[in-house]
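Asks: Listed below are the residues making up each chain.
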Amino acid sequence: MVFLGGLLPLVVTAGLVYAVFRIVSANQRAAGAGGHPGGTDGDLRDQVIRLFRLGLLFIALGLAAEGVVGLLAAVLPRPGELARDPEQLAQALAFTIVGVPALVGLAQWTRRRLAADPEESWSPVWAGYLTLTLLTALLLVLTNVSLTLQWAVDVEPFDGEPLARALVWGAVFAAHWVLSRRRPLVDAQGAAEARTPWYLLAGSLVGLVAGGTALGDVVQVSLRLLYDATVDSDVLAGAGSASVRRAVAAAVPAVAVWLWFWLGHTLRAPRTERWYGYVLLAGVLGGLGTTLIAGGQIVFGVLEWLFGDPDAATASAHFASLPGPVAALGVGGAVWIHHRHTLATTARHRTEIDRIYTYLVAFVGVVVCTAAVTLVVAAFVEAVVGTGLAGSVADPIVLAVTFLLIGVPLWLVFWRRAEANAKADRSEVRSPSRRLYLLVTLGLSAAVALVALVVLLTGFLTDLTAGELAAETARRIRVPLGLVLSTAAVAGYHAVVYRDDRRSTAPPPPPERRVREVVLISDLTPADAAAVASGLGGRVVRYTTANGVGPRPDDDALAAAAEAAAALTTGRALVTVRHGAIEVEGLQA
Amino acid sequence: MRTAITIGVPLAVLVLLVVAALVASRRDPVTYAEGTPEAAVQDYFDMLIDHDAGGAYDLFSPELQSRCGRPSSAEIDYLTIARVVLQEATTSGDTATVRVAVTQDLDSGPFGSGEVTNTETLRLASIDGRWLIDDLPWPYFSCFEKGG
Numbered sequence: 001m002v003f004l005g006g007l008l009p010l011v012v013t014a015g016l017v018y019a020v021f022r023i024v025s026a027n028q029r030a031a032g033a034g035g036h037p038g039g040t041d042g043d044l045r046d047q048v049i050r051l052f053r054l055g056l057l058f059i060a061l062g063l064a065a066e067g068v069v070g071l072l073a074a075v076l077p078r079p080g081e082l083a084r085d086p087e088q089l090a091q092a093l094a095f096t097i098v099g100v101p102a103l104v105g106l107a108q109w110t111r112r113r114l115a116a117d118p119e120e121s122w123s124p125v126w127a128g129y130l131t132l133t134l135l136t137a138l139l140l141v142l143t144n145v146s147l148t149l150q151w152a153v154d155v156e157p158f159d160g161e162p163l164a165r166a167l168v169w170g171a172v173f174a175a176h177w178v179l180s181r182r183r184p185l186v187d188a189q190g191a192a193e194a195r196t197p198w199y200l201l202a203g204s205l206v207g208l209v210a211g212g213t214a215l216g217d218v219v220q221v222s223l224r225l226l227y228d229a230t231v232d233s234d235v236l237a238g239a240g241s242a243s244v245r246r247a248v249a250a251a252v253p254a255v256a257v258w259l260w261f262w263l264g265h266t267l268r269a270p271r272t273e274r275w276y277g278y279v280l281l282a283g284v285l286g287g288l289g290t291t292l293i294a295g296g297q298i299v300f301g302v303l304e305w306l307f308g309d310p311d312a313a314t315a316s317a318h319f320a321s322l323p324g325p326v327a328a329l330g331v332g333g334a335v336w337i338h339h340r341h342t343l344a345t346t347a348r349h350r351t352e353i354d355r356i357y358t359y360l361v362a363f364v365g366v367v368v369c370t371a372a373v374t375l376v377v378a379a380f381v382e383a384v385v386g387t388g389l390a391g392s393v394a395d396p397i398v399l400a401v402t403f404l405l406i407g408v409p410l411w412l413v414f415w416r417r418a419e420a421n422a423k424a425d426r427s428e429v430r431s432p433s434r435r436l437y438l439l440v441t442l443g444l445s446a447a448v449a450l451v452a453l454v455v456l457l458t459g460f461l462t463d464l465t466a467g468e469l470a471a472e473t474a475r476r477i478r479v480p481l482g483l484v485l486s487t488a489a490v491a492g493y494h495a496v497v498y499r500d501d502r503r504s505t506a507p508p509p510p511p512e513r514r515v516r517e518v519v520l521i522s523d524l525t526p527a528d529a530a531a532v533a534s535g536l537g538g539r540v541v542r543y544t545t546a547n548g549v550g551p552r553p554d555d556d557a558l559a560a561a562a563e564a565a566a567a568l569t570t571g572r573a574l575v576t577v578r579h580g581a582i583e584v585e586g587l588q589a
Numbered sequence: 001m002r003t004a005i006t007i008g009v010p011l012a013v014l015v016l017l018v019v020a021a022l023v024a025s026r027r028d029p030v031t032y033a034e035g036t037p038e039a040a041v042q043d044y045f046d047m048l049i050d051h052d053a054g055g056a057y058d059l060f061s062p063e064l065q066s067r068c069g070r071p072s073s074a075e076i077d078y079l080t081i082a083r084v085v086l087q088e089a090t091t092s093g094d095t096a097t098v099r100v101a102v103t104q105d106l107d108s109g110p111f112g113s114g115e116v117t118n119t120e121t122l123r124l125a126s127i128d129g130r131w132l133i134d135d136l137p138w139p140y141f142s143c144f145e146k147g148g
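From first to last, the protein sequence lines are chains A and B.
According to this note's numbering, the stretch in the first sequence is residues 1 to 589, in order.
According to this note's numbering, the stretch in the second sequence is residues 1 to 148, in order.
Please keep in mind that the hints were generated in silico from the structure rather than gathered at the bench.
Since the model is a prediction, treat every value here as computed from it, not as a measurement.
A couple of the hints might just be wrong.
Unchecked claim - Here are the simulated distance ranges between beta carbons:
id, chain 1, residue 1, chain 2, residue 2, range
1, B, T121, A, V75, 44 to 54 Å
2, A, D43, B, L11, 47 to 57 Å
3, B, S142, A, H341, 52 to 62 Å
Ideal placement from N, C-alpha and C gives every residue a C-beta, glycine not left out.
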C-alpha cells in the first residue's frame, strides 16, 4: 500500500503529460483540417506549443537519462562502498518510470511533427533544443569520461557512476548530433543559407576552454616535475607521476572535443560573421590575453627577483611558481598563433578581417600601455611620498616596468602597421575597423578619465576641507591621478588621429567659380531672365532681344548651362537663350 | 599545412614534455638522515600521499595518540597531494618545528583549476630517540574520538 502511495505522484505527472499531449494533438489536427496554419495566430500558437513540447522533452530526457544512470550505477562497483542507500535506487527507479515513458511519448510527438511540418525543423525552438541538449550532454560526457580515465591511469579507484553517466549521456550526445547534422540550414524564407550553426561554435568553445585549461595543467605539472628534478632539492615528498597522469586523463577527452568540433567541423564551416566573431574573440583575443597575462607574470617574477623585494630567500623557492605562467604562456601562445593562421586568406590585398585583427591587438596594447602609465605615475608618487606603514617601493616600480615591457612593444608593432597601411591606402582610413577602434578607444579612455578625475578630486577635496592635506593624500590618490594622466593622453592622441582621418577622407571642396561676369542675351520675360540669371552665378548683365516672347528653358538645360559657365576659364561668359534653347561660350575679359 | 603545423608542433612538444616529466618522476626523492625531524615529516607525508591514515597515525607521539583516536583512511581519501617542499626545520632540545609547503592538485576535471599551495607547520618531540609528531598536524583540524 505504501509502495502504491509512493507511485501516486508519478501517475499524476504521467497523466498530466498525456492529457496535455492529447489536447494539443487534437487542436493541431483541427488547425490542420480547417484552421489557418499560415496565419500569425497559428504561427504564434505553433511556436508556443513547440516551446512547451520541446521544454518537456528536455526535462523528460534528463529524468530518463539520470534514472538509467542511477540504475547502471547500482549494479556497477563504487569505491569504498560498505553499504548502499536504498533511497538512491528508489530515486533512480522513479526517474526511469516517469522519464522513459514521457521521453518516448514526447519524442514520438516531435518525430511526427518533424515529418508533417517542414517548418518544424527550421524553427529556432528546435535549433535551441538541439543545441542545449547537445551541450548539456557534451559537458556531462566530458567530465565523466575524464573521471573514468582517472581510474584507467591508476590515480583513482574505479567508480561505476561516472562510467554509467558517460555512457548514457554519450548516447544522448550521439543521437542529438545526428539530429543536428540533419537539420537543414535555411533562412526565414526556407532558402538554403551558408551558416555556421551555433552548436558547432559552442562545442568548439567548450573544447577550446576545457582543452586549453587541461593542456595548461599537463604542461604545468610536467614542468613542475622537471623543475623539482633539476632545480629544487628541498622536495620532501611527492606523488611522482600521479599528477601528470591525472592531468593527462583530464586533457585527453577535452582535446578530443576540440579536435572533433573545431578541426573536424567548425574550421571547414562557412566563414560567416559569427565564425569570424568566434575566431577573433575566443581564439585570437583569448589566446593573446592568456599569453600577455602569463608573460607579464614571468617578466614580473624575473624583475622582482633582480630588482624588487621578493618574499622567498632562495632563487629556487622564488621561481618554484614559474611552471604555471610558463604553461599558460605556451598554451595561450599556441591558441593565439593557431587562430591567427586560420584567419589568413589567399587575398593579395588587405581584407577587413586583417584590419580587425590588427586593431584588436592594437586595442589590447593600448589597454596594457594605459595600465603601464597609470602604474608608473602611481609608483613615482609612492617613491616620492613613501609607501605608508608597510610595503616596498620597489615592487610597484617593477610592476609598472613589467606592464611597459609588455604593452609598449605590442601597441607599437600593431599601431605602426595600421598607420603604415593608412598612409599607403586611403581605404584603410575609411575602414569600419579603424573607425571603431578609434571611437571605442577615444570613448572609453575619455569616460575612464572623467570617472578617475571625479575620484581624484573627491579624495583631494575631502582632505583639503578637513585640513588634512599631506603626503598621505598624494599616496591615496596616486592611482586615480595615474589614470587621469594616462587615459587623457590616450584620448588626446586618438582624438588627433580621428580628426586627421576625418580631414583626409572629407569630400573635396567645390571648385572655385572663375567666371565673374555673365552676359545674358535672351528672348525671355524679365522675370524669367532674372530666374535664369540667378542660377548662373557671378555678376549677370542682362540684355533682352524681344520682350518676353520665348519660352523659359527647362531645369536640365539650366543646370547644364550653369555647369558649362562654371567650367569656363575666361572670367566672362556669354549666355544666349533663344526659343527655349540655351548656349554658353567664353568671352575674353 | 598551416593548420597541421600550428597544431602538430605544439602537441609534439607537449608529448616530449610529458615523457620527460614521467622519466623525471622516477627519480628517487631526497632522503633525510634517519632520526631527524625532516625524516619523520617525510614519512608522515608519504603515508598521507598513499592515503594510509593508520600509518600516519603511528607517527603521532603517545601523548597525542592518547588524546586522539585513529582515523580511517577514508577520512583522507580526498587528499591529492602533488608535492611537499621543506621550507624550514628548527630543533630546540627535544622539540622541533618543521615548516613545509604542501601543493595539492585541485579539481581534476577538464575545467580543473590546477593546484594550490599552502604552508603548514608540524611540531615534533623526540621520544626515546625517535622524532614523533606531538601536535595535531595538517590535514586534521580536530581529534577523532577514541574508540570511535
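Asks: All hints are to be evaluated individually against the structure, with a verdict given for each.
Replies: Tested hints:
1. B:T121 x A:V75: 44 to 54 Å: At 47 Å between Cβs, range holds.
2. A:D43 x B:L11: 47 to 57 Å: holds (50 Å)
3. B:S142 x A:H341: 52 to 62 Å: holds (56 Å)
Violation of the numbered hints given earlier is absent; every hint is satisfied by the structure.
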